[in-house]
Amino acid sequence: MGRFEEVRDYDLAPAVQLAWIPDGDHSFKPRQRSGHSVSTNLQLAVEKVDDFLCKLL
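In our numbering, the protein residues as written are 83 to 139.
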């Protein structure tokens, strides 16, 4: 989608929810120097999806 600085200013519909995964590319793989890992990024993504689904139920 782009960098956070760009995306935060998008004019999105109120129903759209975004969750920012730290330094992750489209496979959630961060750069080595970022201090993040694929594992922690995937865990965060799963938590965000779980939160979203729990709100629907």
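Hints in this document: simulated from the structure, not taken from any laboratory. Since we're looking at a predicted model, the values are computed, not measured. Glycine included, C-beta positions come from ideal geometry on N, C-alpha and C. Treat the hints with caution; some may be incorrect.
Claimed, not checked - Derived DEER-like restraints, expressed as beta-carbon distance ranges:
| id | residue 1 | residue 2 | range |
| --- | --- | --- | --- |
| 1 | Ala97 | Gly117 | 32 to 42 Å |
| 2 | Asp105 | Asp133 | 17 to 27 Å |
| 3 | Ala95 | Gly117 | 29 to 39 Å |
| 4 | Lys130 | Asp91 | 16 to 26 Å |
| 5 | Arg115 | Leu138 | 31 to 41 Å |
| 6 | Leu135 | Pro104 | 33 to 43 Å |
| 7 | Thr122 | Gln99 | 33 to 43 Å |
| 8 | Asp93 | Gly117 | 29 to 39 Å |
Verification of the hints:
Between Ala97 and Gly117 the beta carbon distance is about 33 Å. The supplied range of 32 to 42 Å therefore holds. Judged by the Cβ atoms, the range 17 to 27 Å given for Asp105 and Asp133 holds: they are separated by roughly 21 Å. Ala95 and Gly117 have their C-beta atoms about 34 Å apart, which keeps the hinted 29 to 39 Å range intact. Taken as a hint, the range 16 to 26 Å holds for the pair Lys130 and Asp91, whose Cβ atoms sit roughly 21 Å apart.
Range check, Arg115 to Leu138: about 37 Å between beta-carbon atoms, so the 31 to 41 Å window is met. At about 22 Å, the CB distance of Leu135 to Pro104 disagrees with the hint of 33 to 43 Å. Remark: the range hint 33 to 43 Å for Thr122 to Gln99 is contradicted by a beta-carbon distance near 21 Å. Checked against the given bound of 29 to 39 Å, the beta carbons of Asp93 and Gly117, roughly 32 Å apart, stay inside it.
In this structure, the hints that do not hold are numbers 6, 7, in rising order.
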